[in-house]
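Participant: Dock chain C against chain P, hints included.
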Amino acid sequence: MKGAFQKEKFGKTLTTVLFTVLSVIYVFPVLMVVINSFKKNTFVKTDTFGIPTGESHAGFDNFINGMTFGGYPFSKSVLYSIIITILGTILILLFTSMAAWYISRVDSLACRIVYYGCVFSMVVPFQMVMFTLSKTADTLKLNTPWTIPVIYLGFGAGLAVFMFVGFVKGIPLDIEEAAAIDGCNPFRTYFSVVLPMMKPTMISVAILEIMWIWNDYLLPYLVLDRTEYKTIPIHIQYLKGSYGTVDLGATMALILLSIIPVIIFYLTCQKHIIKGVAAGAVKG
Amino acid sequence: MKRSHDSAAVNSDMIRKPIQRWAPLFLVPMVAAFLIGFVWPFFHGLFLSFCKFKTTSKWEWVGLLNYEKALADESFIYSFGFTAVFAIVSLVLINVFAFAVAYALTQKIKGANLFRTVFFMPNLIGGIVLGYIWSMIFDGFLGYYQTSILMDKEWGFWGLIILTCWQQIGYMMIIYIAGLQAVPEDMLEAAKIDGANGWQTLFKVTIPNVMPSITICTFLSLTNGFKLFDQNIALTGGYPYIINPDGTSVHTTEMLALNIYNTFYVGANTRGVAQAKAVLFFILVATLAIAQLTATRKKEVQQ
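Chains as they are written, first to last, in my numbering: chain P, 15 to 298; chain C, 287 to 589.
Hints in this document: simulated from the structure, not taken from any laboratory. Heads up, some of the hints might be wrong.
[As the list claims (entries may be wrong)] Restricting the straight-line Cα-Cα distance to at most 27 Å, the calculated cross-link-like pairs of lysine-lysine (DSSO-like) are:
id, chain 1, residue 1, chain 2, residue 2
1, C, Lys490, C, Lys439
2, C, Lys394, P, Lys155
3, C, Lys394, P, Lys26
4, C, Lys513, C, Lys394
5, C, Lys396, P, Lys21
6, C, Lys513, P, Lys149
7, P, Lys285, P, Lys213
8, P, Lys289, P, Lys183
9, P, Lys26, P, Lys285
10, C, Lys394, C, Lys478
11, P, Lys213, P, Lys289
12, P, Lys54, P, Lys90
13, C, Lys478, C, Lys490
14, C, Lys396, P, Lys289
15, C, Lys394, P, Lys289
16, P, Lys90, P, Lys155
17, C, Lys513, C, Lys338
18, C, Lys396, P, Lys23
19, P, Lys59, C, Lys344
20, C, Lys396, P, Lys149
21, P, Lys23, C, Lys478
22, P, Lys26, C, Lys396
23, P, Lys149, C, Lys355
24, P, Lys21, C, Lys303
25, P, Lys183, P, Lys285
26, C, Lys340, C, Lys355
27, C, Lys513, C, Lys355
28, C, Lys344, C, Lys355
29, P, Lys26, C, Lys338
30, P, Lys183, C, Lys338
[What the hints assert, rightly or not] Stretches of chain C that chain P covers, calculated by requiring three or more beta carbons in the stretch to come under 8 Å of a beta carbon on chain P:
id, region
31, 317 to 329
32, 344 to 356
33, 361 to 367
34, 373 to 386
35, 396 to 402
36, 452 to 461
C-beta atoms are modelled at their ideal positions from N, C-alpha and C, and glycine is treated no differently.
Chain P extracted, bound-state conformation (with noise of 0.2 Å):
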């Protein structure tokens, strides 16, 4: 017996270092940003892997020419996508919520049809609506940062739709009646009663959203007018893209910028980050 809880033990240790090690291969690719960031543009290539250091070092030249390069400010993509992110994911949390309330408490011809056509929405790829949709946005003047989150709402209306309907059929019905007894109306039922109930869903749907919208490349790039305004991956994919001469030094440092607060929102949400992903994940 003893032999065998030994044996278990090494086994866990060995797993252990097993794991750090492959932590480390893990993390490898973002410290290879990190690393390159503060390198000269002719070194990334011929050096990639070495760390900089006398003429291949860089300072922080690389950051504060990135700012500029490709002729289109840096902060105007950050500001930008923070803009479309923090919009869209509001506009998504209470639209869809108020609707999918409404469905499952209505329950009507109209509510089953929206809610099939927002399950059906979830299985259909974006190319197949991605040239017809920006046509629609243009006409509809939706291709600016204020105005493209109602088409964010429309696109992903599916997912926060279902996982919303999925939540409140399973609130029972004796609160709100309880609410409406009291002489509550449906709004200040729903402000007041439904809303927090619904906090855990709402988290979930607001990580997912803010996941997709923060890193979403085609449908802003094919929707928005570009020369104007850009998000942070249409700026990453424009340098390395189209632009002449690619400067890589810059182009990792700004990669380097709009990562790191991505990682801080990481490991600060982590917890909320994870049963998020797990909840949308199963929703098969």
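Facilitator: Below, chain C without anything else, positioned relative to chain P:
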């Protein structure tokens, strides 16, 4: 969805009637956005797949011609094959590794939480940025062999596989961990008392109990594989190209989504064909999703 409309009967009129009067506030904004952002573009796109068009306002009905052209397009068929192989290889690798990692992390080892944090991290970074991070790494490495990820088809394929694994193993790991934690403790105890060894317990007790997670993860990684776009455009961009004698070209690392995108936006003459390809792509992805739903349902009934 499963228990959806049974509870409708319980909905009292006291609740339903007043809410209905508030439809303009509660239902209309979401439905309006849904019509603009999904329903109209979807049906408009479906219609245009039967037309020749450059802009949405100038179209000419051509029937099934676009579909014929799409299926006769060598680059489209090639990208389908490439995508299918990619999807299957990534499915196997992602799920084997994700399950192994999840299994090890649920064995109460030291530092399990830290490892989980690290493995999940790449999911937070967007596809475009991931693509450029890895293109720097691959090019730094391939530079020693005087080649580049854009010049070598094999490296392009395996580069995409490595990137996708790096990104998605952590995601699937989370789902597997949730599944593994739900395996009843007493069943594992019983297996131990009956003298089952580690492997027997794994295959006879643990795996049958996490079948729902396995179904979800396999289909998720399969559809993710078929829909991959950002990583593809950022890492390989479809390069290297093979130019045919007749002027057409095959992009050797181009996946379905990127092929459709290029058919739409590189020149404006093939937009009808592009829309037809998009419809075929939609049918493919939707079929996979329905297959997943059926498979999950069946498993639930069995249990």
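Participant: Taking the numbered hints from earlier one at a time, note which ones the structure violates and give those numbers from smallest to largest.
Facilitator: 1, 2, 4, 19, 20, 24, 29, 30, 32, 33 and 34
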